[in-house]
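Protein chains: 2
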Amino acid sequence: MKSSFNDTFLRACRKEPTPYVPVWYMRQAGRYQPEYRKIREKYSFFEMNYIPEVCAEVTKLPVDQLGVDAAILFADIVTPLKPIGVDVEIRSGIGPVIDNPIRNTADVRRLGELDPVSDIPFITDAVKILANELRVPLIGFAGAPFTLASYMIEGGPSKNYYKTKAMMFTAPETWALLMEKLADMTITYLRAQIAAGAKAVQVFDSWVGAVSEADYREFIFPTMHRIFSSLKDTGVPLIYFGVGTGHLLRSFNELPVDVLGLDWRVTITQARTEYGVDKALQGNLEPALLLAPWETLEKKAKQVLDEGTEQPGYIFNLGHGIFPQCSVETMQKLTALVHSYSRKNGEMIV
Amino acid sequence: MKSSFNDTFLRACRKEPTPYVPVWYMRQAGRYQPEYRKIREKYSFFEMNYIPEVCAEVTKLPVDQLGVDAAILFADIVTPLKPIGVDVEIRSGIGPVIDNPIRNTADVRRLGELDPVSDIPFITDAVKILANELRVPLIGFAGAPFTLASYMIEGGPSKNYYKTKAMMFTAPETWALLMEKLADMTITYLRAQIAAGAKAVQVFDSWVGAVSEADYREFIFPTMHRIFSSLKDTGVPLIYFGVGTGHLLRSFNELPVDVLGLDWRVTITQARTEYGVDKALQGNLEPALLLAPWETLEKKAKQVLDEGTEQPGYIFNLGHGIFPQCSVETMQKLTALVHSYSRKNGEMIV
Numbered sequence: 001m002k003s004s005f006n007d008t009f010l011r012a013c014r015k016e017p018t019p020y021v022p023v024w025y026m027r028q029a030g031r032y033q034p035e036y037r038k039i040r041e042k043y044s045f046f047e048m049n050y051i052p053e054v055c056a057e058v059t060k061l062p063v064d065q066l067g068v069d070a071a072i073l074f075a076d077i078v079t080p081l082k083p084i085g086v087d088v089e090i091r092s093g094i095g096p097v098i099d100n101p102i103r104n105t106a107d108v109r110r111l112g113e114l115d116p117v118s119d120i121p122f123i124t125d126a127v128k129i130l131a132n133e134l135r136v137p138l139i140g141f142a143g144a145p146f147t148l149a150s151y152m153i154e155g156g157p158s159k160n161y162y163k164t165k166a167m168m169f170t171a172p173e174t175w176a177l178l179m180e181k182l183a184d185m186t187i188t189y190l191r192a193q194i195a196a197g198a199k200a201v202q203v204f205d206s207w208v209g210a211v212s213e214a215d216y217r218e219f220i221f222p223t224m225h226r227i228f229s230s231l232k233d234t235g236v237p238l239i240y241f242g243v244g245t246g247h248l249l250r251s252f253n254e255l256p257v258d259v260l261g262l263d264w265r266v267t268i269t270q271a272r273t274e275y276g277v278d279k280a281l282q283g284n285l286e287p288a289l290l291l292a293p294w295e296t297l298e299k300k301a302k303q304v305l306d307e308g309t310e311q312p313g314y315i316f317n318l319g320h321g322i323f324p325q326c327s328v329e330t331m332q333k334l335t336a337l338v339h340s341y342s343r344k345n346g347e348m349i350v
Numbered sequence: 001m002k003s004s005f006n007d008t009f010l011r012a013c014r015k016e017p018t019p020y021v022p023v024w025y026m027r028q029a030g031r032y033q034p035e036y037r038k039i040r041e042k043y044s045f046f047e048m049n050y051i052p053e054v055c056a057e058v059t060k061l062p063v064d065q066l067g068v069d070a071a072i073l074f075a076d077i078v079t080p081l082k083p084i085g086v087d088v089e090i091r092s093g094i095g096p097v098i099d100n101p102i103r104n105t106a107d108v109r110r111l112g113e114l115d116p117v118s119d120i121p122f123i124t125d126a127v128k129i130l131a132n133e134l135r136v137p138l139i140g141f142a143g144a145p146f147t148l149a150s151y152m153i154e155g156g157p158s159k160n161y162y163k164t165k166a167m168m169f170t171a172p173e174t175w176a177l178l179m180e181k182l183a184d185m186t187i188t189y190l191r192a193q194i195a196a197g198a199k200a201v202q203v204f205d206s207w208v209g210a211v212s213e214a215d216y217r218e219f220i221f222p223t224m225h226r227i228f229s230s231l232k233d234t235g236v237p238l239i240y241f242g243v244g245t246g247h248l249l250r251s252f253n254e255l256p257v258d259v260l261g262l263d264w265r266v267t268i269t270q271a272r273t274e275y276g277v278d279k280a281l282q283g284n285l286e287p288a289l290l291l292a293p294w295e296t297l298e299k300k301a302k303q304v305l306d307e308g309t310e311q312p313g314y315i316f317n318l319g320h321g322i323f324p325q326c327s328v329e330t331m332q333k334l335t336a337l338v339h340s341y342s343r344k345n346g347e348m349i350v
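Here the protein sequences line up with chains A and B, keeping their order. Per the UniProt record's numbering, residue 1 is the first one in the first sequence, and the count goes up by one each step. Per the UniProt record's numbering, residue 1 is the first one in the second sequence, and the count goes up by one each step.
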């Protein structure tokens, strides 16, 4: 590791002391940035992913611009689905749309295996460029099987996930096979990113909060346990995140992960005390506060920081991604606030 | 009250003993019913609301067909918005769409007051017909201010409610005025339904689960407290329901309501023990189970009933509404199961 390398984020993931609270933001490279929009004019979303130099450039944008302590690979959670036979397309203002949704066991059997070297060399190429150029850790990432399956079964974003849950309930063997195949893919995909230089990985189970805890334990938990267990030997911090997952936190805490990402609904103190979470925590400012007057945003960010720094192992983030209406200036001020407010006169904070 | 009147639902709302667990379903009149679809072919959604005889017919459909213990007025939560000056339209497959969204204080000031007699006589006319003809209680209902405001500010359904929250954070006085006006409307609307014969009322705060507890307490709780307090003198049971509101249950329990409706994420036992809810409870079968094989549905419904009947004051329902893919036959079997499984040899159950 180079001497100028900023490993604050990695130390916080491991619950080691840090001189200040590290911060990064979900979707920190995105449409709110004029530079991003300029690149986006020239390339399709998939091209921004598929051309390693462009992907690396976009990934690096927020690191210098905002001063964050980690970069996250610019990609979409559905990127590895195409190579395994899912006809996915990102439609502007909608999200991933899939024209050949999964309906039965035959559809699941037809899904191929991911070979990162031949299928998505651009991803590992981008990671290699970034690992070489960045002075902060690069976070690799993947979508979790439930969340990926929800797109694959519903055919796109959903409000209620009834088709996905119907498969869980009516065809548990088909569901189990789908989870198994997606878990294999996720493991392969993340191992490839780690081998290429990703210093941590986050698994986005964005929509799993739609499921009850009993159903999570029966239909999803074993898959997530296998994914994280089989990544343990890589030694990189493992992060798990979902939206609206307060009711699942006790189960999440039983997974072999290092960090749990929280949305804004459950406070950090509640996660630690009421839900007994003993992992490092990442989050959890209400993203809509990015549109609030600075004084309101500052006050609420300090509250989050006060709660976060009560115990070792805390990374500042939003409860969900930055969105297009946000301003670069606000993100810069917020990042500076996180650093300055949490820096305690050269002392290491826990 | 007529001797043949089935007041099981009302008794459960008041935590009185009942011979079996009463049941009704959110959106129990809807597209899953062939009879509903037939009526829908002849009338627009608004006409089904605006012609009292049609509204009454649709409202009664599930009572005889399923054997439920309560009817709920067939209407949409946005029905009373038109008379106060909101240009709302229900678009098939989307939901309520509003072409003149609220943007500032002037827009809020422009909102009128609801006069149920002149503005929506069809609603009270339908309630009167139903109160006369039904042998089960009629539940009146209204949308809660936050949920109504979310449509009025976003211009339609939303995934993240950023515009709504931005108004809360950036223009708290505008927000407070909007909440005040919508609360006045809700109170007037519900009092009119109760005066016409509604025997209970449910306030749908469907999307308030998107808000953190701190923000709920600051920006929404006082309004809800005022609404329910000012309906107390009517003597009818007051029900409050929202989706994904586990993190708000402690605050909900401080409201002067009789019944809290739960979605499927928090179990009834958790609500009572972990969140200390001491109100009657209504819910909370995962709606997607309506697509599951009968054995699975039966097992899960019995689990919900076992939890529900551990304490007095329990009404069976789904965690959210019936949806078009459901079958009438399944709903009939489920209703019969709730009644038979909970009926304990003539004993009163608590």
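It should be emphasised that the hints constitute simulated quantities derived from the structure, not laboratory data. Keep in mind that this is a model prediction, so the values were computed, not measured. Be aware that a few hints might be false.
The list makes no distinction among identical chains, and a pair is therefore deemed to hold if it is satisfied within one copy or across any two copies.
With a straight-line cut-off of 30 Å between C-alpha atoms, the simulated DSBU-like cross-links for lysine-lysine are [stated by the list, open to error]:
#1 Lys-181 <-> Lys-38
#2 Lys-42 <-> Lys-15
#3 Lys-299 <-> Lys-60
#4 Lys-181 <-> Lys-82
#5 Lys-42 <-> Lys-181
#6 Lys-82 <-> Lys-159
#7 Lys-299 <-> Lys-38
#8 Lys-181 <-> Lys-300
#9 Lys-42 <-> Lys-82
Checked hints:
1. Lys-181 <-> Lys-38: neither (37 Å within a copy, 44 Å between copies)
2. Lys-42 <-> Lys-15: neither (42 Å within a copy, 64 Å between copies)
3. Lys-299 <-> Lys-60: within (29 Å within a copy, 52 Å between copies)
4. Lys-181 <-> Lys-82: Within one copy only: 14 Å inside, 50 Å across.
5. Lys-42 <-> Lys-181: Neither. Shortest intra-copy (35 Å) and inter-copy (48 Å) distances fail the 30 Å Cα cut-off.
6. Lys-82 <-> Lys-159: Answer is both: 24 Å inside a copy and 26 Å across each meet the 30 Å cutoff.
7. Lys-299 <-> Lys-38: neither (33 Å within a copy, 55 Å between copies)
8. Lys-181 <-> Lys-300: Answer is between; shortest inter-copy Cα gap is 28 Å, intra-copy 42 Å.
9. Lys-42 <-> Lys-82: within (22 Å within a copy, 45 Å between copies)
Violated hints, listed in ascending order, are 1, 2, 5, 7; each of the other numbered hints is respected by the structure.
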